[in-house]
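On the provided structure of chain Y, position chain F as indicated by the hints.
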Amino acid sequence: MKTPKISIGFPLLVKELTEAAAQRRTYLVRVSYAMLLFLAIVLFFWSGQLTTTSNPFSLLGAGKRMFDNIVELQFYGIYLFLPAMTCTALTAEKERDSLALLLLTRLGPWTILVEKLMSRLIPMFTFMLLSLPLMAFAYSFGGMQSYQIWGAIWFLSLTSLQVAALCLMCSAYCRTTVGAYLSANLLGLFLFFLAPGVAGVIFRSSRWPATFSGMDVYTITVDRVGTALAWGDLFQWSIPLMFSTIIFFCLSRFFLLRRAFAQPRHLLRKIFRGLDNVFWKINSHSGGVVLVGENATLPEDKPVQWREIAKKNLSQFRYLVRIFLVLEFPVGLVCIVALTSRGVRASTQLREVSPILFLLWIISALIVTVQASSLISSERSRQTLDVLLATPMSGREIILQKMHGLRRVMWVLGACFLTIFLSETWWYGSAGITPAATTTAATAVGFPPSYGTTFREPFLYYYSGARYFVASMLSVLIYFPLIAWLALWIGLKTKTQTRAILGSLALLVAWCGLTFACGRSDFVASLPVVGTGYFDLSSPLGMIYRNEYNDFGTSQGVSAGIVRGNWFRWLVVAGNFACYGLLLYLIRARCLRDADRYLGRRQDHAPSARPAAVRNAELQDVQPVAAG
Amino acid sequence: MNDVFETPPVLEVQHLSYSFRKHRALLDVNFQVQPQSLHGFVGPNGAGKTTTLKVICTLLQPQAGNVRVFGLDVVHDVKEVRRRIGFMPDHFSMYRQMTVFEYLDFFGAAYGLSQVERDRIITDVLTLTDMDGRKDDLINGLSRGMQQRVSLARVLVNDPDLLLLDEPASGLDPRARIELMEILQELRKMGKTIFISSHILSELAELCDSVTIIDRGLIKYSGPMDDLLTDTEEHPAYVLTLREAVDPDPQEQLQALAGVLRVEEVEGKPAWSISFDRAMTDTNNLLRGVLDLGLPVASFTEDRKHLNQAFMDLTERGVRT
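Chains as they are written, first to last, in the working numbering: chain Y, 1 to 628; chain F, 629 to 949.
Isolated chain Y, as found in the complex (with noise of 0.2 Å):
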């Protein structure tokens, strides 16, 4: 009998890196990845080293400082480019039906995995790779200790190793893609930094919760410690991370085969329908209350329309009251609790209501984003887009209609914020802070009475009621909408629903929080140039930041003859919402105007065809290809 022959070689790990090398995407993350890194070490080092001191041989052993930063962007980086890399790596065989052909072959599910959590973690580990150059400049400046250096190389790979193993849990796991990286993100948030953190505060200790998260233990036992740590405990502090990725492997073995075929669900139609029979049970005891009816309609004269409200569930009436509901009750409850709180009275300033904000404003960008990404490119995944396309509807009909129904999603959700503006805007009109009551102000939450002119905190100087209401109501009738065809743009340029929704999801996070952070760095605001103190306002989050904390700039000027009053905070909230609103105007005359083009067939006043002649003799050089 022949034995068989036993060859070592990693076909899927091959293939998946060959794979990658092909597209272009994998080039522009990796600039994208070097670009960001390097820009926030410049900001870093701007702000943290290089103009804090004036003599250059102060610089001297700032190598530390310049490591922790570089290792710490390291770290954020792996959080933020690995499940997008990873998410991809089952859910993409499974989407495209081709993961049963790999089931069938002679690898075993362990091989399928290493192979595919190799695939991820070798290009993440070129790009690390790419910080050298900037440790070899820090390194320049001098204090790096070696033990630094391995403790970074490890705590990086065991938390890359860590993140992958999650993500490919999540992937095992997930039918699409969306749902992985979705369902990856909420549960490293949650595994690596909202339960250690109650955890901590329930312990009443700040080192031991924090040891599933690779960034806090690289900082509790390299960075603060100062000296060199032991292998031994070393080791010991790695336990859970390390037990944590065996946990997410095994899980992902676990459900490798068995949800390898798993029929694709809507969740939230599940959770809807699951409390729509509870109704209905509690409504065969209680007589047949029904507060808001479902009526069987039928489209009428706008199909599209009908059908983004009547059958999704995101613009359903009885399930937008549930979302609204969700949503509500806890800002309202926080609302009021603020509002009736002594401690907040005497500190003039709403502080419980800001995070709910900014925490409604994420929740609310996300759903918007992915709702309106979807719009075009989901009936394009699904195929339905052809038929659609093939009826007499022109392509600006279609995506008005196509709107129509997320723009209900945004009045809900804009209901939710109407609560907090105006509890803000009473709260503060009641309090009756003026720019004569500053000083007492400052005064009765325990700081000095000269804090309430010179020093730079923002409720003490001019606060307007009525401007906050107003940019706050402008920030959401026309960050909205602005965030919602921009999505819907990037829809309708991509191919399928799940680049669609990264890729606006992905752009929402640069514009909002890169542009942010860097017009607040000190490094722009050292720039030489006027106005470079409002850069952040080329963010949105720009204005809703400064509009929350009244936070436009000290009172001493702009530039000569220019004050930063009352007047002049008008102006800034004016001209933002201005320019936004030109922006959002932009965006949708350039969608509605070739929207015939952009959903794939051609436009109704296009020219005609050149003449045969011509063209043919064109034609007759280039390849055949297949098209049928």
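In case anyone wonders, no lab produced these hints; they're calculated from the structure. Take the hints with a grain of salt, since some may be wrong.
As a list, the in silico DSS-like pairs of lysine-lysine whose alpha-carbon atoms are at most 30 Å apart [stated by the list, open to error]:
no.: 1; chain 1: F; residue 1: Lys-650; chain 2: Y; residue 2: Lys-495
no.: 2; chain 1: F; residue 1: Lys-848; chain 2: Y; residue 2: Lys-402
no.: 3; chain 1: Y; residue 1: Lys-302; chain 2: F; residue 2: Lys-707
no.: 4; chain 1: Y; residue 1: Lys-302; chain 2: F; residue 2: Lys-763
no.: 5; chain 1: Y; residue 1: Lys-312; chain 2: F; residue 2: Lys-650
no.: 6; chain 1: Y; residue 1: Lys-15; chain 2: F; residue 2: Lys-650
no.: 7; chain 1: F; residue 1: Lys-707; chain 2: Y; residue 2: Lys-311
Showing chain F alone in chain Y's frame:
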């Protein structure tokens, strides 16, 4: 040529060319589809069938040439063309969370029909496609064959005069396929013109009046199905089948008959293909001559080529690069 070809064509494609960047999909494509006919559109994978269909249904703009539907230019009279055609792509295109009726009503509204018209037409098309008992079912729960019926019902919801069907029978079981073909024949009887792209050649051969064969973006044949499947007018061929084998072999006797050009034995059964010169004899005389030989004749039929054979003869081997 048949007389029917003298009537103005429903669909007229002239010198149509289309390319995707540097790759040619269609080059100087010409063909016509006559009213109330069932026209097959055949070609290997990647031949340019779907591209042609997309140009006809106004989703793609011709880069060269003209396409006219009922005399309307697909470039200038877009909306009118869209109103008069029904397009079924090679995938199901279903909104799975809708009921069958809602789905059809949705597209009725998208075509701008009033509610009264929609109710009437939907009832009719559901009856035609035998789906009236399932109109309140969710599409998600329907079988593939049922979904294809719903898809066909959708195509009919705006009462189009020209149906453009891209691989309508692909993936269906034999029963569903036969039933679909029966519905198409019924539609043709109702006066619809059907342009059908398909890979199932045997069914097309029985169903279609005319056919266009396309390969690598070039038209290889376009015209009546009969002309493609029968030999030339001058040298027709007939197959003589005997009830049993006879001794001696009658091939030499058959060859000796007046006007016979060639006799070939059909492999595996007692049958011979006889081609003759129409100038010297005709079918009746040939049959009389065969009977005079005293052979036990089982059948004497026209020797038609199979569409498969014609297709293989006209298209090139190998895949496009």
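Tested hints:
For the proposed pair Lys-650 of chain F and Lys-495 of chain Y, the alpha carbon gap of about 21 Å is at most 30 Å, so the pair holds. This hinted pair does not check out: Lys-848 of chain F and Lys-402 of chain Y have alpha carbons roughly 44 Å apart, beyond 30 Å. In summary, the hint linking Lys-302 of chain Y to Lys-707 of chain F is supported, as the alpha carbons are separated by about 17 Å, within the 30 Å threshold. A distance of roughly 21 Å separates the Cα atoms of Lys-302 of chain Y and Lys-763 of chain F; the hinted pair therefore holds under the 30 Å criterion.
Only pairs whose Cα atoms come within 30 Å are accepted, and Lys-312 of chain Y paired with Lys-650 of chain F is rejected, the gap being roughly 41 Å. Straight-line distance between C-alpha atoms of Lys-15 of chain Y and Lys-650 of chain F comes to about 28 Å, which keeps the hinted pair within the 30 Å bound. About 27 Å separates the Cα atoms of Lys-707 of chain F and Lys-311 of chain Y, which keeps this hinted pair within 30 Å; it holds.
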